[in-house]
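Q: Next come the chains, spelled out residue by residue.
2 protein chains.
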Amino acid sequence: MLVLITYDVNTQTAAGRKRLRKVAKECTNYGQRVQNSVFECQMDATKCRQVKNILENIIDQDMDSLRFYYLGEKYKNKVEHIGAKPGFDVTDTLIL
Amino acid sequence: MLVLITYDVNTQTAAGRKRLRKVAKECTNYGQRVQNSVFECQMDATKCRQVKNILENIIDQDMDSLRFYYLGEKYKNKVEHIGAKPGFDVTDTLIL
Chain A
1 MLVLITYDVN TQTAAGRKRL RKVAKECTNY GQRVQNSVFE CQMDATKCRQ
51 VKNILENIID QDMDSLRFYY LGEKYKNKVE HIGAKPGFDV TDTLIL
Chain B
1 MLVLITYDVN TQTAAGRKRL RKVAKECTNY GQRVQNSVFE CQMDATKCRQ
51 VKNILENIID QDMDSLRFYY LGEKYKNKVE HIGAKPGFDV TDTLIL
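Same order as they appear, the protein sequences are chains A and B.
The numbering used here puts the first sequence at residues 1 to 96.
The numbering used here puts the second sequence at residues 1 to 96.
Please keep in mind that the hints were generated in silico from the structure rather than gathered at the bench.
For clarity, every value in this text was computed on a predicted model and none was experimentally measured.
There may be inaccurate statements among the hints.
If chains are identical, the list can't say which one is meant, so a pair holds when it fits in one copy or spans any two.
[Claimed, not checked] No more than 20 Å apart at the CA atoms, straight line, and that leaves these computed lysine to aspartate or glutamate pairs for DMTMM-like: (1) LYS22 <-> GLU56; (2) LYS47 <-> GLU80; (3) LYS25 <-> GLU56; (4) LYS25 <-> GLU73; (5) LYS85 <-> GLU56; (6) LYS78 <-> ASP44; (7) LYS52 <-> GLU26; (8) LYS18 <-> ASP60; (9) LYS47 <-> GLU73; (10) LYS78 <-> GLU56; (11) LYS47 <-> GLU26; (12) LYS52 <-> GLU80; (13) LYS85 <-> ASP62; (14) LYS76 <-> ASP62; (15) LYS22 <-> ASP62; (16) LYS74 <-> ASP60; (17) LYS22 <-> ASP44; (18) LYS25 <-> ASP60; (19) LYS76 <-> ASP60; (20) LYS22 <-> ASP60; (21) LYS85 <-> GLU73; (22) LYS18 <-> GLU56.
From just these sequences and the hints, can you work out the full model?
A: Spelled out as structure tokens, the structure:
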């Protein structure tokens, strides 16, 4: 299924900027960055629980937030991109 | 239907920061800010075309991007939030 992960990390402190880098780095292990704080991840429920757990432990839950959108399998007509750096279909780029 | 709007605006210039403020301000007319660059908008297709057209004309399509995710009507179990509650505007406090 396609899972969209979006995050807000408060970068007013050095610790916050470190959390932001960690979150972004971790997300790259699971999916495709389509915008600065938006990743599209093609993964099953097990992988999803895994990344959720990892990210939950990185963020400061009083200052930062994560959102997960479960787009299912039939997502191709549910996503539209306008402007720079168009995202591409993550299912086409998987190298196994 | 629920439409998720996410955006990346390049804020390296004053013009970019102005575009960012305009995009955010426009989005508040159509939905609920859930993260800094993520809005959830409950709207019909007409409204959606309207906001898309407005935002397309604000952004610099070589530097910025918009993404629209169409979550349909049955979206309640498709969204999960972790961490700080949405509803704050950090646009003015971003450290770039």
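Q: Hint by hint, which ones does the structure fall short of?
A: Structure breaks hints 4, 14, 16, 17, 19 and 21.
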